[in-house]
Structure formats: structure tokens, C-alpha cells
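Dock chain B against chain A, hints included.
Order-wise, the sequence lines are chains A and B.
First residue of the first sequence: 32, per our numbering; consecutive thereafter.
First residue of the second sequence: 2, per our numbering; consecutive thereafter.
FYI, nobody ran anything at the bench for these hints, they're computed from the structure.
Do not take every clue at face value.
[Stated by the list, open to error] Straight-line distance between alpha carbons at most 27 Å, and here's what the computed DSS-like set of lysine-lysine pairs gives:
| # | chain 1 | residue 1 | chain 2 | residue 2 |
| --- | --- | --- | --- | --- |
| 1 | A | K140 | B | K264 |
| 2 | B | K181 | B | K121 |
| 3 | B | K127 | B | K23 |
| 4 | B | K264 | A | K218 |
| 5 | B | K310 | B | K121 |
| 6 | B | K332 | B | K264 |
| 7 | B | K264 | B | K310 |
| 8 | A | K218 | B | K496 |
| 9 | B | K332 | B | K310 |
| 10 | A | K220 | B | K496 |
| 11 | B | K528 | B | K496 |
| 12 | A | K220 | B | K528 |
Listed below are the residues making up each chain.
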Amino acid sequence: MQLDTKQRVTELSIKELLATQQLNTKPQVVERLAVADDVRELLPDSGLVRGRIVRCSGDAGLSLALSLCSLATQQGSWLGVVGVDHLGLLAAVEHGVALERTVLVHPPKTSREWSITVAAAIEGLDLLIVAVPERLSVNDARRVQTRLQSRRAVMIIVENTVLSQSRSMHGSNESQQFLADVVLDTKTKSWSGVDRGAGYLQHRDVRIRVSGRRVARERNYLVTRSC
Amino acid sequence: MPAPRRLAVLRCLDWSAVVAAKNSTTPCAVIHAQRVISRTPAAMRYGVQVGMRRRHAQALCPDIEIVAHQPSRDRTAFDAVVRVVNELVPLIEVSEPGLIVFAARGPSRYMGGDGPMALKIVEALKTSVADSHLTASLVGLAVGVGVADSRLAAQIASHASAMASSSANLFVPYVVEPDKTNEWLAPQSVRVLSEFANINRETISLLERLGLNTLRDVCTLSESVLAGRFGELGVELHRLSRGDEQYPLAVVPHPPEHLCIEKFDEPVSDQQIIINSVQRMAVAFTEYYSVHGSVCVRIVISFESEAGKRSERLWYRPQGLTTSAIIENAKWQLEAWLASDISGDPESHALENYGLVRVQLIADEVRTDTAQQLRLWGGSTQTDETATQAIGRLSELLGSSAVQVAKWQGGRDILDSYELVSATHAQTIGSANSHEQIPAQKWRGALPNPAPSVVYSEPVQVQINDQFGKLLSVSARHELSASPVSVIIGATHYKVNSWAGPWPVEERWWDLARSRRLVRLQLVCEKITVDSVSQILAMLVILEHGEWTVAAIYS
Numbered sequence: 032m033q034l035d036t037k038q039r040v041t042e043l044s045i046k047e048l049l050a051t052q053q054l055n056t057k058p059q060v061v062e063r064l065a066v067a068d069d070v071r072e073l074l075p076d077s078g079l080v081r082g083r084i085v086r087c088s089g090d091a092g093l094s095l096a097l098s099l100c101s102l103a104t105q106q107g108s109w110l111g112v113v114g115v116d117h118l119g120l121l122a123a124v125e126h127g128v129a130l131e132r133t134v135l136v137h138p139p140k141t142s143r144e145w146s147i148t149v150a151a152a153i154e155g156l157d158l159l160i161v162a163v164p165e166r167l168s169v170n171d172a173r174r175v176q177t178r179l180q181s182r183r184a185v186m187i188i189v190e191n192t193v194l195s196q197s198r199s200m201h202g203s204n205e206s207q208q209f210l211a212d213v214v215l216d217t218k219t220k221s222w223s224g225v226d227r228g229a230g231y232l233q234h235r236d237v238r239i240r241v242s243g244r245r246v247a248r249e250r251n252y253l254v255t256r257s258c
Numbered sequence: 002m003p004a005p006r007r008l009a010v011l012r013c014l015d016w017s018a019v020v021a022a023k024n025s026t027t028p029c030a031v032i033h034a035q036r037v038i039s040r041t042p043a044a045m046r047y048g049v050q051v052g053m054r055r056r057h058a059q060a061l062c063p064d065i066e067i068v069a070h071q072p073s074r075d076r077t078a079f080d081a082v083v084r085v086v087n088e089l090v091p092l093i094e095v096s097e098p099g100l101i102v103f104a105a106r107g108p109s110r111y112m113g114g115d116g117p118m119a120l121k122i123v124e125a126l127k128t129s130v131a132d133s134h135l136t137a138s139l140v141g142l143a144v145g146v147g148v149a150d151s152r153l154a155a156q157i158a159s160h161a162s163a164m165a166s167s168s169a170n171l172f173v174p175y176v177v178e179p180d181k182t183n184e185w186l187a188p189q190s191v192r193v194l195s196e197f198a199n200i201n202r203e204t205i206s207l208l209e210r211l212g213l214n215t216l217r218d219v220c221t222l223s224e225s226v227l228a229g230r231f232g233e234l235g236v237e238l239h240r241l242s243r244g245d246e247q248y249p250l251a252v253v254p255h256p257p258e259h260l261c262i263e264k265f266d267e268p269v270s271d272q273q274i275i276i277n278s279v280q281r282m283a284v285a286f287t288e289y290y291s292v293h294g295s296v297c298v299r300i301v302i303s304f305e306s307e308a309g310k311r312s313e314r315l316w317y318r319p320q321g322l323t324t325s326a327i328i329e330n331a332k333w334q335l336e337a338w339l340a341s342d343i344s345g346d347p348e349s350h351a352l353e354n355y356g357l358v359r360v361q362l363i364a365d366e367v368r369t370d371t372a373q374q375l376r377l378w379g380g381s382t383q384t385d386e387t388a389t390q391a392i393g394r395l396s397e398l399l400g401s402s403a404v405q406v407a408k409w410q411g412g413r414d415i416l417d418s419y420e421l422v423s424a425t426h427a428q429t430i431g432s433a434n435s436h437e438q439i440p441a442q443k444w445r446g447a448l449p450n451p452a453p454s455v456v457y458s459e460p461v462q463v464q465i466n467d468q469f470g471k472l473l474s475v476s477a478r479h480e481l482s483a484s485p486v487s488v489i490i491g492a493t494h495y496k497v498n499s500w501a502g503p504w505p506v507e508e509r510w511w512d513l514a515r516s517r518r519l520v521r522l523q524l525v526c527e528k529i530t531v532d533s534v535s536q537i538l539a540m541l542v543i544l545e546h547g548e549w550t551v552a553a554i555y556s
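Just chain A, same shape as in the assembly:
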């Protein structure tokens, strides 16, 4: 009797093994790009799922996007930074982005040319950090999104920081041509390290709100980030 159950158990496990193997062999590419430990808990699938769009908004959006990309680029994925105007490369290195696998692309900001460029980048690069131009038409955006899903790349949307504009940074949320799967909205609470002339900027407390289509329940995190 005892033997019988044992046998059943082994049979079951073999079945399970076969099932997982089938699952593994079916898609040609790894379905998820790895992310570093400090940002893993923010994402609903604890990784960047291929074919999806992540939006990093708010005043710590760009640095968050960079740290999302770091581990994947170190493991051999290529990163394209499209249309982001003033990326600090030193910051990218500090976040752990492998610059030897990073390409910076500056397309024109018209809807057509921008979408063609992003589509071409999706063809060969695993990861994209893009800043979406305001004039992007919904049709072009949808075309890009379809391409993204079929080529199994990950697109991270950030905002270009425009200083002299009076409009607040959160105001740009209206123009959302892309329906993001995960939205990470950041807001700096405080900076530490500086004190009226002494010290230097070291850490900051950031409130990160996680929402989006693929997030069951909106969650809030308060994290201390080194930048």
C-alpha cells in the first residue's frame, strides 16, 4: 500500500516535469527579464515580463527606470534609450546599466518617425527606455504596442524633464497614448545628506505607487533609494 502511493507520487512528479518541460520548450525566449533585488518587489511578476509596457512617472522616474534595466543589461540584453533628451550616463553606470550594451537614439519628435524608430529598435533590442512625444497619435502608439508584443521586448516609458515649463511634472499624465501594464508613480518625500552647506546628497525617501492593468490592487511603497 505504501509502495503504491510512492509510485503514484513519482508518476505525478514525472508528469509535472513533462508539463513544465513542455512549457519551457514552447516559447523560444526567456519570458521574463531579471531585475535587481531592490526593485523586484515593486513589480507584480517580480521581473520585467516580455511584451509589456512599464511606465515610470514622477520625479524619480528616470532613475527608477535605470535600476529596472540594470540586471538585464548585465546579463546580456541590449538596451535602447529612445528620445530621452538628457540622460546622465554616469548615473546609468551607477545604477548598474552595462553601457557597452546600451544605444542612445534620438529620433525626430513627429508621430510617424518616432513610431517607426521605436518599431525598428524593438526588432533587435530587448529593452527600451522611451520618452513619448506629446504629438504621438493613438494609431501609431497601438502599432508600436502590437509590435512590442509580437517581438517580446519590454518598453519602459519615462518623461522628459522640462525645467522651464510652468506645467507641473505630473500634468503630463493626460497624454497617455500607451496603456501601461504597470505604472510606477514616484514622488520624492525628502533628501538626506545635505545640511545648509555641509555634506552632499546621499539618499532620498521615495513614495512609489504601483498601479496599472496587470496590478490587481494598487499598492504604495516607501523606499529609501541611494539616488
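Same frame as chain A, now just chain B:
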């Protein structure tokens, strides 16, 4: 030991500038990546040199015509020269526009010696220029021919001959006597290695600092000593300076010859179809040799039309011909052939009337694939290859300046630490790119971590006030005049919560033109928006020449 082969090199001095210039008297410079890569003799008289910055060249010669680098223009223009030479010498090798290499033995024997042969070729070139087959700007073209036993020596000789003919306006071929190449090379400076043999400049400067100023000095050292100091490169240096080929011809036995041929049952006249089949063949071709651990450095590409006309050309690349290089060369050859047919007599239109029936790739020289033979970007994974293709496509779409990769250069300014170079340019830099990425230690005087993620290439003007609304200033002893209280950028007001600094920088104070004196300050500001939500912003501001600017934002 087999008889040394004689090589002849025909060089058109500063080809790309001469082609780009409107006529032979205008000063003109070809610019690539903000540097002069070629200039006309007229520009040279003003002191414009290769490697100069664009602005420097313009300062020396304000009327100078600046032209962007365009390899396809140089190539198509060079076809006219290739055609003329091809009529006298059957099999020639065009490694780059402006340079033709061919085996000298046959033609010299036919035309009565190296000197007469060179004279005859240049004579033919001159008459075709006079017949206005070529454009007017080529009248002042300096052509040189050098003949020697090794490629390096022939290159140097051709350069010397071209220089002589440009200054004296009289063509003199430069022939190094057979078996005298070694002695002739010995007194040359080691700098010729970087000019003609693609040895990088740093190695050359190191050689000079080691006291090895001429090729004789390098030659007298034993090969093993050089190999111990420089590795593979040392052996190469020794081989070059004693007058051998840069790379050993074959260390392992050749793989059996590979027949790479495609016959079309139906004559093909569509250029794209031909190129596609060349592509297929090239992939199989390189694959075959890489499986055998070797690489093809010289290839003969041959096309044959239905009418029995044939185009055969030799292509050489010392690092080994990759698939893309073979395709590019085939494209060049095919285009040139078509153009020559159209300009020639109408009865012989090879493709128009008849079409192509045969394409063949023949390996002419094969050498062992060494460990240095890294692929582009230094990688070999599937993702790297698809990414390289995508980058090529992006550069095609947007122009090469809009697609960039980063290169570490170091510096205390956040903008300086990485240089952005265009991705296509980086391809020519090659695989060295990935090794240089590891950032060195922080520069002294650089800002402490973390680095700002938004860095403005053109700083944004800003107004920083103290509590009385007066503009903040910094004394000669780098002290702030008061505490910063408010920041105004455009129409937006910020309240300063805290700050750090000021940190002064004084760079190159000994050089008036390049000296910099500035003060940096980190600010943590708060903006109260309409809906009374505060927004905190950390930024880096710089005071230079009495003006505050925002250099970066910690986003």
C-alpha cells in the same frame, strides 16, 4: 622559400577631399566626427592637417569648404580610375577609395620593368583626365606609384611618390629594388606603422618612449623579446619592420579549396536578386572557413554575363573578410560594372540586354583565424547579433549621428565622463569598445555619488536669490555671499530647503583658452503647485562667468 612577391600600390593622395572639392583650386576639407580626415592641396597650403578639429581648420582658412564624409561618393568617383588601371592590369585589388594594389611581376614584365609600368599607368590616367572622363576637380590630383616586396614598403613608397608629384608637379614612380626592401625599410620612422599598417597610435608612442625610433631598432630586437612585451602585436611589429607581411600567410595547412559558385539558369538582370544570392553565398563562404579555423583575407569576386563578359576583382582586408564586407564589396563591384557598361558602347550592356548567369567567390589568400579576431562589439551571442543589425537599421533610418553609444573618457565634469560617439563610427573602432567601458576610479574633484540622472548638455539659465532677493554670489575665496533662499527658473519659483557646497573647480589655469573656473552647488528645492502639493527637486547648479545655470537634476 618561395620567391618574394612584388606588389605595386597606386595612391591618389587625399582622394575624398579632391573628389568633394568643386574644382582643383578651392580649399576643401572632409570632416568626420568633427575632425578633418582629408583635405585638398589648396587647403594644405593654409596649414590644414588631417586630424585637426573642424573649428581649427576654419580658423586657419575661413573660406574652406567643409564637406561631410560620404564613402559612397568616394567609391563611385574612384571607379573611373579603377577602370583605367584595369585596362592595363587585369587583376587589381581596391582596398579603399584612392588606393589600388596589384601584383607587379606580370605587368612589369610585360611593360618593360617597374618604372615604365608605373609611368604607363599614370600616363593612361592623365589622358583619361584630359579626355574629361573624370571630373574637373581631378586635374590637380597627386598620383603616386610605389613598387616593393612587401605591402607596407609599397605603401610607403607610393606615398613618397605621391608627395613628390604633388610638390614638383611631375610624376616619379618610387621603385624599391627587389630584395632591397629590408634595407630600405630600416631607416623609416616607426610612425609609418600607424599610418600605413593600422597599428594604433598608443603603441607607436610607447615604442618611441622605449627608444625605438626607426624600424631598424625594432628589427634588431629579437622577435621573442617583442612577443614577451607586446604579445601577438609584438610579433606583428617585428614582421612588419623586417619587410614581411603583417599577418603570416598560413600557419596551418589550407582547408581544401571551397567552390562557391552560383549559376542562374535564367539570366538575372535585377541587381537586388544578385546581391541576395551573393549574401547567401557569402554566409556559406565565411562559415566554411571559420569552421576550419581560418579566415579569408583576399577574395576574388567574379560575375559573368550571358554575353560572356566578365568582371573580376580582388578584395583585401587584413583583418579578414566578414560576410558584410563581402556583400559590400560585391555591391561596389556590381555597381561599377553596370556604370561602366552604360557609359561604354551600347552593344555591350551586360545586364540590360543579357543578364547575369554566374557569380563566383574564390578565396585567394587564407590565414589562420587568431584569437584577436573578435567580432564586432566583441560579442558573439544571438542577442548581440540581432542588436547590431537593429543598430545598423536605426542608423540607416535616422543618420549615423542620431544613434550613439557611450565611450568612457573620464573627467571631473559630469558631462565629460562619457563621450557619445555615433554607433556606426564605433563599429570601425571595433571590439575595443567594450573593454574600455569599465569606468576608472572617480576623478579627483568629481562630485560624490550619486550621479544625477538628467544632465543638460546646454545648461538652463537660473536665478538664485538670497533672503533679500539679491543675486547670490561667490567670493574669491569660494564663500557664498549669503544662504540661498529662492530659485527662479523661467516663470517657476522654488523655495530652497537645503544646500551643499560650494565646491570650486579650477581647470587648466595655465592655458588661457581652455581654462575653466566655476563653482558647483547642490540644492534641494521645493515647489508649491497649484493644488498645494509640494514637489521636491534636487539639482546641481553651476556658477561660471557670473551666471548661474542648472547643470543637472537628480531625477
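Against the structure, the hints come out as follows:
Proximity of A/K140 to B/K264 is assessed by CA-CA distance (about 48 Å); at most 27 Å being required, the pair is judged violated. Simply put, B/K181 and B/K121 have alpha-carbon atoms about 24 Å apart, close enough for the 27 Å limit, and the pair holds. A hinted pair counts as satisfied when its Cα atoms are at most 27 Å apart, and B/K127 with B/K23 qualifies at roughly 19 Å. Proposed proximity of B/K264 and A/K218 is contradicted: the alpha carbons are some 67 Å apart, above 27 Å.
Proposed proximity of B/K310 and B/K121 is supported: the alpha carbons are some 26 Å apart, at most 27 Å. A hinted pair counts as satisfied when its Cα atoms are at most 27 Å apart, and B/K332 with B/K264 qualifies at roughly 18 Å. Restraint check for B/K264 and B/K310: satisfied, since their Cα atoms lie roughly 15 Å apart, inside the 27 Å limit. At most 27 Å may separate the alpha-carbon atoms for a hinted pair to count; A/K218 and B/K496 meet this at roughly 17 Å.
The straight-line distance between the Cα atoms of B/K332 and B/K310 is roughly 18 Å, inside the 27 Å bound, and the hint therefore holds. This hinted pair checks out: A/K220 and B/K496 have alpha carbons roughly 15 Å apart, not beyond 27 Å. Taking the CA atoms of B/K528 and B/K496, the gap is about 6 Å. The hint holds against a cut of 27 Å. Note on A/K220 and B/K528: the hinted pairing holds, with a Cα-Cα distance of about 12 Å set against a maximum of 27 Å.
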